[in-house]
Amino acid sequence: MTDDLREIISALFVLAGALLTLASAIGLVRFRDTLSRMHPAAKPQVLGLVLVLFGASVRIFPHIDLGMLLLAGIVAVCTAPVIANRVGNLAYHESVEDGTITHEAPVLEKFQASEANRKNEP
Amino acid sequence: MSLSLLMWSAAVVALTLALFTTMIRLIGGPNTLDRLISLDMLAAIAQCGVGVYIAWSKDTTAAAALVALALVAFLGSVSVARFRVSDSTGVHKEALT
Chain A
114 MTDDLREIIS ALFVLAGALL TLASAIGLVR FRDTLSRMHP AAKPQVLGLV LVLFGASVRI
174 FPHIDLGMLL LAGIVAVCTA PVIANRVGNL AYHESVEDGT ITHEAPVLEK FQASEANRKN
234 EP
Chain B
4 MSLSLLMWSA AVVALTLALF TTMIRLIGGP NTLDRLISLD MLAAIAQCGV GVYIAWSKDT
64 TAAAALVALA LVAFLGSVSV ARFRVSDSTG VHKEALT
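These protein sequence lines are chains A and B, in that order. The numbering of the first sequence is the working numbering, which starts it at 114 and goes up by one. The numbering of the second sequence is the working numbering, which starts it at 4 and goes up by one.
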C-alpha cells in the first residue's frame with residue numbers, strides 16, 4: 114500500500130469521526146430532556162472518537178505510540194457506559210421526583226393486563 | 004496529498020462547530036446534569052482534536068495527552084455524578100429563593 118493511499122484512508126476515517134462528533138453535538142442541543150440528551154453524548158460520540166483514533170492509527174501505523182492510541186480508545190469505550198449509567202440513573206430518579214416523567218409501574222400494569230387479555234382470547 | 008489536507012481541514016471545521024454547539028448547551032442547560040454531559044462531550048471533542056493533530060502531523064508526542072484527557076474526564080464526570088446536590092432539593096434551593 115502506497116503512502117498516499119494510506120493518507121487518504123486515514124483522512125477519510127478522521128473526517129467521518131469528526132462528522133459523527135458534530136452530529137452528536139447537534140443532538141445534544143436539539144433533544145428534549147436530560148434522558149434524551151444522554152444518548153448522543155454516549156453512543157455516537159464514542160464511535161466518532163474511535164473512528165478518529167483509528168484514522169490516526171492508520172496514519173502512524175508502524176510507530177510504537179500506536180499502543181497509546183489503542184489505550185485511549187479502550188478507555189473511551191470502557192468509561193462511556195459507566196458515565197451514561199450514573200447520569201441516566203440520576204436523571205431518571207430526579208425526573209420521577211419532579212413528575213416530568215411518570216413511573217413505569219402503570220405501564221407495567223397495562224402491559225400485564227394486555228398480556229392477560231391476549232392469553233384469554235384463544 | 005491536497006485531497007487529504009482538504010479532509011483534515013473539513014474535520015477541524017466540523018470539530019470547531021461541534022465545540023461551539025456544545026457550549027450552547029453548557030451555558031444554557033437548565034439542569035446541572037446537562038452541563039455535566041456537555042463537559043463530558045467537550046473532553047471528547049478535545050480528544051478528537053488531538054487525534055486530528057496526530058493524524059495530520061504524524062507527531063505522536065501528543066498521544067499521552069489523549070489518555071490523560073480520557074482519565075481526567077472520566078474521574079470528573081463520575082465524581083460530579085456521585086457528589087452532586089440535586090437542583091430541586093438541598094441547599095441550592097434555599098440559596099436561590
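It should be emphasised that the hints constitute simulated quantities derived from the structure, not laboratory data. One thing to keep in mind: the hints can contain errors.
What the hints assert, rightly or not - Pair by pair, the computed Cβ-Cβ distance ranges are: (1) A:VAL209 - B:THR64: 43 to 53 Å; (2) B:ILE30 - A:ASP211: 17 to 27 Å; (3) B:ALA65 - A:SER227: 54 to 64 Å; (4) B:ILE30 - A:ARG145: 12 to 22 Å.
To be verified - Only pairs whose alpha carbons sit at most 16 Å apart, straight line, appear in this in silico EDC-like list of lysine to aspartate or glutamate: (5) B:LYS61 - A:GLU228; (6) B:LYS61 - A:ASP116; (7) B:LYS61 - A:ASP117.
Said to hold, decoys possible - Covered stretches of chain B (in silico footprint by chain A; criterion: 3 or more residues with CB under 8 Å from a CB of chain A, positions within the stretch not fixed): (8) 17 to 25; (9) 41 to 50; (10) 59 to 67.
Cβ atoms here follow ideal geometry from the backbone N, Cα and C, with glycine treated the same way.
Are the Cα positions of B:LYS61 and A:GLU228 separated by 16 Å at most?
At roughly 60 Å apart (the allowed maximum being 16 Å), A:GLU228 and B:LYS61 break the hint.
CA of B:LYS61 to CA of A:ASP117, is that 16 Å or under?
Within the cut-off at roughly 14 Å; holds.
Verify the proposed pairing of B:LYS61 with A:ASP116, using a straight-line Cα cut of 16 Å.
Between B:LYS61 and A:ASP116 the Cα gap is close to 12 Å, so the pair holds against 16 Å.
Are there three or more residues in the stretch 59 to 67 of chain B whose C-beta lies closer than 8 Å to some C-beta of chain A?
holds (count 4)
Whether the CB-CB distance between A:VAL209 and B:THR64 falls inside 43 to 53 Å
holds, 48 Å
Assuming the hint says 12 to 22 Å, is it satisfied by the Cβ distance from B:ILE30 to A:ARG145 or not?
Taking Cβ atoms as reference, B:ILE30 and A:ARG145 lie about 18 Å apart, which means the hint holds.
Could one say that the CB atoms of B:ALA65 and A:SER227 fall in the range 54 to 64 Å?
holds, 56 Å
How about the stretch 17 to 25 of chain B: do at least three of its residues have a C-beta closer than 8 Å to a C-beta of chain A?
holds (count 7)
Falls inside 17 to 27 Å, the C-beta gap from B:ILE30 to A:ASP211?
Given a distance of about 22 Å, which is inside 17 to 27 Å, the answer is holds.
Report holds or violated for chain A covering the stretch 41 to 50 of chain B, Cβ cut-off 8 Å, minimum 3 residues.
holds (count 6)
Of the numbered hints stated above, the single one contradicted by the structure is hint 5.
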